[in-house]
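Protein chains in written order, with my numbering: chain W, 262 to 566; chain U, 29 to 391.
FYI, nobody ran anything at the bench for these hints, they're computed from the structure.
Positions of the beta carbon are idealized from the N, C-alpha and C atoms, including for glycine.
Any given hint might turn out to be false.
[Stated by the list, open to error] Cross-link-like lysine to aspartate or glutamate pairs, in silico, EDC-like; alpha carbons within 20 Å at most:
1) Lys68/U to Glu342/U
2) Lys378/U to Glu266/W
3) Lys35/U to Asp565/W
4) Lys35/U to Glu380/U
5) Lys135/U to Asp200/U
[Unchecked claim] With the C-beta cut set under 10 Å, the calculated list includes, among others, these residues of chain U facing chain W:
6) Ile116
7) Phe252
8) Glu253
9) Val256
10) Lys356
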Amino acid sequence: MALVEAIILAVLAASTPLLIAATGELVTERSGVLNLGVEGMMIVGAACGFAGAWLTGSIFIGALFGIVAGMLMSLVFALMTLGLAVNQVATGLALTILGIGLSGLIGASFVGERITPAARLAIPGLTDIPLVGRVLFGEDGFVYFSIALLVGVWWFLYRTRAGLILRACGDNHVSAHALGYPVLRIRTFAVMFGGACAGLAGAYLPLAYTPFFIPGMTAGRGWIALALVVFSSWRPGRLVVGAYLFGAVTILQLHAQGWGVGIPSQFMSALPYLATIIVLVLISRARTGGSTAPAALGTVFVPDR
Amino acid sequence: MQLVLEKRAERSNTVALISPLIAIGLTIATMVILFAILGKNPLLALHAYFIAPLTDGYSLQEIAVKATPLVMIAIGLSLCYLANAWNIGAEGQFLIGAVAGSWIAVKTQGTDAGAWVLPAMLVLAAAAGALYALIPAICKVKFGASEILTSLMLVYVADLLLDYLVRGPWRDPHGFNFPTTAEFDPVATVPLLIEGGRLHLGAIISLLVVAAAAILLGRTIKGFEIRVVGAAPRAARFGGFNADQLVILTFAVSGALAGLAGIIEVAGPVGHLQPGISPGYGFTAIIVAFLGRLNPLGILIAGLFLALTFIGGEQAQIAMKIPLDVTKVFQGILLFYVLACDSLILYRFKLESSNRQVSRGAG
């Protein structure tokens, strides 16, 4: 039982950054913007998050540093793609290239340092329930927050007027503009929300997942988060399933090494990336009847005046 | 005040020519600020980056050596991007090329294999790079899977494969447990152009690639098709051009060029296969392609410029202890400015007061 418990805890921990980053990108894409810079925003969030926590000794302030860093990065992206109508694909790549450099620069002085990672929050009474107690009520705060974030986003997108307007911008920016909605402003907010989430997701890695910072520690998680949004068909409900499946694949790979499976570790490490490709192919193939992507996704919009 | 974009009646060719120069100027201005924040003398830093490498023969050769893979990869990427196919995984295709070519070098090591070894390595590397690039291309054409994400995932896979080979089956038994193959035999090595220097045959090959791309794009129907499919997909459909087929073709060509660049790097300047053979050539080549305006000659110039930043970055690190990551920041900022300035080709920027009546009255 202890092993199962340990595995579930590990899966949740591995899934959380994917879930947070993908939730943010889902909102961004629902507004019609494709931000491929998730990996860049995440990695800067990781460096700034660690720096914040190391300097202040507070995980919470570290997380805030990560969020602000991600938002600043996304603001640059918004200025380029929404303000200057630059191609979103190219700008997203630029954001990732810049992010990798910035993260190395900011994080260089913190390599080798350690912090006390985010504690698991025990809820008196509930955590002591046998079998499920520790799994359901013994996580670090980020795990709870990621679930709350996703539920909040679902509620916002499908149960509020603002959510409806945001989705309208993503499906038909010309009509939304004609109805008098400030398409570019709404998209800017959506992009910044995505940036905040990516920054937080990055900060999760050195603050809760491992207690130290190493350059390149996001290791493609930002790109996997992007793939998860496709996997979810832009629906929050399916995002949870996807993120936890990927977390499970990541943990499977780690545990297989521990169990002494006779496969070289590099092949096991390649599993999450190969799984991403397979999932993308299967999902895209299943959707030949018509895409479920927001219709205006990735297109440039310059308001007519 | 509000920034407003106004569409130009037609694309401005003057701006198209000067916009990369504006971008470089803005990047250098931004770097001056960054150097100041890092507490380094900006003028000395700029000198170390951009002037010092140009002043001695060794660094000049080194610039050409670094530009060789960048130009070769970027030429392939430019074909993809012109056809609106987003190959982001050149880094992976570069690594696979290096691995495939090295296989021959490793297997013939210490035998008296003849002069066929190097040509066979080059051909196999190009073929492997092309096949590796075909995976995302086919996933896109057949299943509609985003080629951006799949080509990128394959970078990590290639990296892990290389890591496995040099730590496992191909490790040099006399290498003190370092993850590397033995030094390649002379027949498996790219010949030098200058005795005792650094410049190698790869530089000539990349110049040939530039020339071939210029002819393809400027003088052939295929090149015309690539440009039409990218610029006006609807018109291309009416013209009977097959966009899917072009995705496959451009991906294969760019994969082959990246794979070729990979083996040339390993069998040339590096001399053996090991992790870390690429300081991100596949990604930097994306910047080279855009800075060079997706034009072969432009890419040659842009490749030399980006190579200068690599060498300058190393010199600045040695001379002024400026971290190497500054070079990556520099390259990222440069790509931003290039893209932003490109917006000037299609749009005119205007600052307008949020109250338009007032601004009209005043103007």
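These are the hints, each one checked on the structure:
no. : hint                 : verdict
1   : Lys68/U to Glu342/U  : 15 Å, holds
2   : Lys378/U to Glu266/W : 60 Å, violated
3   : Lys35/U to Asp565/W  : 10 Å, holds
4   : Lys35/U to Glu380/U  : 15 Å, holds
5   : Lys135/U to Asp200/U : 12 Å, holds
6   : Ile116               : 7 Å, holds
7   : Phe252               : 22 Å, violated
8   : Glu253               : 21 Å, violated
9   : Val256               : 18 Å, violated
10  : Lys356               : 3 Å, holds
Hints 2, 7, 8, 9 from the earlier list are contradicted by this structure; the remaining hints agree with it.
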